[in-house]
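**Q** Protein sequences, first through last, are from chains A and B.
Residue numbers for the first sequence follow the UniProt record's numbering, beginning at 1 and rising by one.
Residue numbers for the second sequence follow the UniProt record's numbering, beginning at 1 and rising by one.
Source of the hints: derived by calculation from the structure; they are not laboratory data.
None of these values were measured; they are calculated from a predicted model.
Positions of the beta carbon are idealized from the N, C-alpha and C atoms, including for glycine.
Treat each hint with caution, since some may be false.
[Said to hold, decoys possible] If the Cβ cut is set under 10 Å, some of the chain B residues that face chain A in the computed set are:
1. R41
2. L44
3. S122
4. A123
5. G297
6. E301
7. S321
8. R326
9. Q327
10. F329
11. G331
12. R337
13. S338
14. A341
[Unchecked claim] Listed next, with one range per pair, are the computed distances between beta-carbon atoms:
15. B:A29 with A:E177: 30 to 40 Å
16. B:A342 with A:H109: 29 to 39 Å
17. A:P95 with B:V373: 49 to 59 Å
18. B:N346 with A:E177: 17 to 27 Å
19. B:N346 with A:D100: 16 to 26 Å
20. A:P95 with B:G99: 19 to 29 Å
21. A:A88 with B:E34: 53 to 63 Å
22. B:A347 with A:A88: 40 to 50 Å
Here are the chains, one letter per residue:
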Amino acid sequence: MPDFGATGWGRAWVRAVESTAVTTPNPLLPKARSLARNDAVTTVDIAPGRLTAEVVDRGRHHRVTIDIPLWTGQVRLVADRLVARSLAEHRGLAPGDLPDALAADLASHGIDIAVPTDAQTATCTCASRRRPCSHVLATHYALAQRVDEQPALALTLRAPRRTGHRQGDPDWIDLREVDAAAFYGG
Amino acid sequence: MPWPDRLQATFVPAEHAVAFWGPLDLVHAHDLPEGRPGTCRFALPADGRVEPVDVPVRLVDLDTAVPALRALPARSAALGASVLAWRAAARLAEDGDPGELAARLPPAAHAVLNAEETAIMSARAALTRFHQAVATASALRATGLRATPRPYQVRGIAWLRALAAEGGGGVLADDMGLGKTLQAIGLLATRRHPDQRPHLVVCPTSLVGNWLREIQRFAPDTPVIGYHGARRALPEHVAAGTVVVTSYSVLRTDQALRQQHWDTAVFDEAQQLKNPDAQVSRAAAGLTAHARIAMTGTPVENRLTELWSILHVTNPGVLGSRARFRQRFAGPIEQRRSATAAARLNALVGPHLLRRTKSEVAADLPAKQHTTVACTLTAEQARLYTDAVDRAFATGLGSGIARRGRVLALLTALKQICNHPAQYLGENGENGENGERELVGRSGKFDRAVEMLAEIADQGDRALVFTQYRAMGELLCRQLTDTLGGDPVPFLHGGLSLARRDRLVHAFQTDDTAPPVLLLSLRAAGFGLNLTRASHVVHYDRWWNPAVEEQATDRAHRIGQQRTLTVHTLVTGGTIEDHIARLHQTKRALADVVSRDAEAALADLSDADLHSVLELNPGAIA
Ligand SMILES: [Zn+2]
Numbered sequence: 001m002p003d004f005g006a007t008g009w010g011r012a013w014v015r016a017v018e019s020t021a022v023t024t025p026n027p028l029l030p031k032a033r034s035l036a037r038n039d040a041v042t043t044v045d046i047a048p049g050r051l052t053a054e055v056v057d058r059g060r061h062h063r064v065t066i067d068i069p070l071w072t073g074q075v076r077l078v079a080d081r082l083v084a085r086s087l088a089e090h091r092g093l094a095p096g097d098l099p100d101a102l103a104a105d106l107a108s109h110g111i112d113i114a115v116p117t118d119a120q121t122a123t124c125t126c127a128s129r130r131r132p133c134s135h136v137l138a139t140h141y142a143l144a145q146r147v148d149e150q151p152a153l154a155l156t157l158r159a160p161r162r163t164g165h166r167q168g169d170p171d172w173i174d175l176r177e178v179d180a181a182a183f184y185g186g
Numbered sequence: 001m002p003w004p005d006r007l008q009a010t011f012v013p014a015e016h017a018v019a020f021w022g023p024l025d026l027v028h029a030h031d032l033p034e035g036r037p038g039t040c041r042f043a044l045p046a047d048g049r050v051e052p053v054d055v056p057v058r059l060v061d062l063d064t065a066v067p068a069l070r071a072l073p074a075r076s077a078a079l080g081a082s083v084l085a086w087r088a089a090a091r092l093a094e095d096g097d098p099g100e101l102a103a104r105l106p107p108a109a110h111a112v113l114n115a116e117e118t119a120i121m122s123a124r125a126a127l128t129r130f131h132q133a134v135a136t137a138s139a140l141r142a143t144g145l146r147a148t149p150r151p152y153q154v155r156g157i158a159w160l161r162a163l164a165a166e167g168g169g170g171v172l173a174d175d176m177g178l179g180k181t182l183q184a185i186g187l188l189a190t191r192r193h194p195d196q197r198p199h200l201v202v203c204p205t206s207l208v209g210n211w212l213r214e215i216q217r218f219a220p221d222t223p224v225i226g227y228h229g230a231r232r233a234l235p236e237h238v239a240a241g242t243v244v245v246t247s248y249s250v251l252r253t254d255q256a257l258r259q260q261h262w263d264t265a266v267f268d269e270a271q272q273l274k275n276p277d278a279q280v281s282r283a284a285a286g287l288t289a290h291a292r293i294a295m296t297g298t299p300v301e302n303r304l305t306e307l308w309s310i311l312h313v314t315n316p317g318v319l320g321s322r323a324r325f326r327q328r329f330a331g332p333i334e335q336r337r338s339a340t341a342a343a344r345l346n347a348l349v350g351p352h353l354l355r356r357t358k359s360e361v362a363a364d365l366p367a368k369q370h371t372t373v374a375c376t377l378t379a380e381q382a383r384l385y386t387d388a389v390d391r392a393f394a395t396g397l398g399s400g401i402a403r404r405g406r407v408l409a410l411l412t413a414l415k416q417i418c419n420h421p422a423q424y425l426g427e428n429g430e431n432g433e434n435g436e437r438e439l440v441g442r443s444g445k446f447d448r449a450v451e452m453l454a455e456i457a458d459q460g461d462r463a464l465v466f467t468q469y470r471a472m473g474e475l476l477c478r479q480l481t482d483t484l485g486g487d488p489v490p491f492l493h494g495g496l497s498l499a500r501r502d503r504l505v506h507a508f509q510t511d512d513t514a515p516p517v518l519l520l521s522l523r524a525a526g527f528g529l530n531l532t533r534a535s536h537v538v539h540y541d542r543w544w545n546p547a548v549e550e551q552a553t554d555r556a557h558r559i560g561q562q563r564t565l566t567v568h569t570l571v572t573g574g575t576i577e578d579h580i581a582r583l584h585q586t587k588r589a590l591a592d593v594v595s596r597d598a599e600a601a602l603a604d605l606s607d608a609d610l611h612s613v614l615e616l617n618p619g620a621i622a
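Chain A on its own, in the form it takes in the complex:
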């Protein structure tokens, strides 16, 4: 099984980051893959339209922020319709999963799950003059892995849903949400 892009959803992100390398090989890609393989990309945070991560490279910490355009207008409408139809067809889907058929469906309607690096705004705190730097590229590979594990994250990035995808477990309350002042009651 490939380390990156085991599902259709993760594969879309791997293709996006490697698309420019088809004509001119990007010498930074092997290093980026190696960083991602060796757990150098930590605390990946995936929010609507924004991906942030910390990358540790030779002992130095670099902060990566990547802004990714949300689906809007007609694209969003079509995407929502395709997603809704697919979820209705796959009622027994495991939490966090999305069918690969939906990824293919979106692609065939011209809706990109992933965004090539030249269509994003990416920043990194490193001093490299090459942009995107290896840390930004490594973050893409780490993203592909997270998306493989939880395909629903691919939609979180592009088309946030108001209802949310099963946020947390109703049996447990995060400590940050416990009201300390009312702890002992009235």
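Keeping the supplied structure of chain A fixed, place chain B with the ligand upon it in accordance with the hints.
**A** Just chain B with the ligand, lined up with the frame of chain A:
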């Protein structure tokens, strides 16, 4: 940290108890039960946040806590809102609407932390579990269960009942020895209404008899049918609540099991279902049952797909298709040790799997004591031992696979010599011209074991003796029968029929006139045997893998056993047994990472190194 000035109460599901805390002197002032002292991990307020802390508590079991809470006054300056909220919950008993009450429960009443200590139980979840626990305890009383389940077992039964009520499934994955069978019986016995369908228990063939007996013992009012063997037959109509016990080999091909609609199907030793392609796994997944429960102490023995396979039977769809499971979980976790995938898998499986380890419930288990009994070689043993080593090295051990085979043969010879010269020489004691040759006086270890066992029998105690060699078991059997007098000492080994093994176990557990010693060949004894009447376990010879010895010990070290268990390991000084004992110490330090290749590792040593491991240490000769 601001300590509350009023008494607090928190329901702790894992303890099947209410924890009282804060100003504990107020417990007396309100005639509340003393309970048992303990420490709980709760989240408490500090600097405007809540944080995990150790809280000294008094734990009062639900059976006493509920009436005591009901009797409290509705208002008191000394009682915190958490106590009053649990008073209200106790008064609602088993059939109130917990929804309304949930709003009245302050965080202090449900401050129990999750395993990661990142969250506390919600008020609604705490109330639901409280009512499940109270209902379970009273259902068990009404059923007349002939056992007093430990608090964690009541919690387990309540958990199983909640799953079954929803028509779902789950995996009971408690450590071996924690009484999974009793918890399953508690579930089956309390799900018995006139309109309910029968239950099915599927287990390995060697455990069918055990299940039938345990159900009759713990739940005598529950009808039970054994369904196995060539002449098996199900009655035309199986009565409601009847438990049908069958084996995996029957399940594989049987049509009648497939046609019956079951209430609850229980799969014991469910690692038998770990291969999703096997016919038995497909037959299990194809059963029609309202609820499906798997029991196993090792939900994952080697590969994560085993977990998928078991959950595919109990909770189909929860982990997605097998191919998707490989992409999302098995691949990331096994290939690149993905922490995020592991955390997500835990979160997905968590609600469907209950696992408690022995150390978590240690306070509920009687103690286990290990002793090593040092033995010496007789002159005859020392001569045989030195000869065997010298001959092997003089002939040459060769290399590669041939070397491995010769080293293995030498190791076996040395272990047999330590056991008894008669085992090594293949004397069966009956062909000699002078009849049987005397066994005593020829092996230091043998003599010591016979003395010890005679002493144990004199005290009125019972012992299990494990050996890995059939021939050795026969020798011990002969001598012990002679020394102890009375009926022949039984030897449970692979050559006996299942029915015969069952009878031996049953006699040992229940018959006061049966010999107080039972000899066992562990490999033949299979798993799941319940031999809790023993208060001593003797390991006559050593296994290379300490886990095998631990497993043997656990036949006797189980819930239901009241006395301390003493585990005796016999080690002949200066010999290969000493080497194995040292090896075990290092392996135990490595916890679960047990390599099974100790023998191969010896074969890889150079001749000189191997010789220094195996040569007899002269100090050891008697
Ligand atoms: Zn960078």
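**Q** Now tell me if each hint is right for this structure.
**A** For each hint, the structure was consulted:
no.	hint	in the structure
1	R41	violated, 12 Å
2	L44	holds, 7 Å
3	S122	holds, 5 Å
4	A123	holds, 9 Å
5	G297	violated, 25 Å
6	E301	violated, 21 Å
7	S321	holds, 8 Å
8	R326	holds, 7 Å
9	Q327	holds, 4 Å
10	F329	holds, 7 Å
11	G331	holds, 4 Å
12	R337	holds, 8 Å
13	S338	holds, 7 Å
14	A341	holds, 4 Å
15	B:A29 with A:E177: 30 to 40 Å	holds, 35 Å
16	B:A342 with A:H109: 29 to 39 Å	holds, 35 Å
17	A:P95 with B:V373: 49 to 59 Å	holds, 55 Å
18	B:N346 with A:E177: 17 to 27 Å	holds, 21 Å
19	B:N346 with A:D100: 16 to 26 Å	holds, 24 Å
20	A:P95 with B:G99: 19 to 29 Å	holds, 25 Å
21	A:A88 with B:E34: 53 to 63 Å	holds, 58 Å
22	B:A347 with A:A88: 40 to 50 Å	violated, 25 Å
Comparing the model with each earlier hint shows violations of hints 1, 5, 6 and 22; every other hint is respected.
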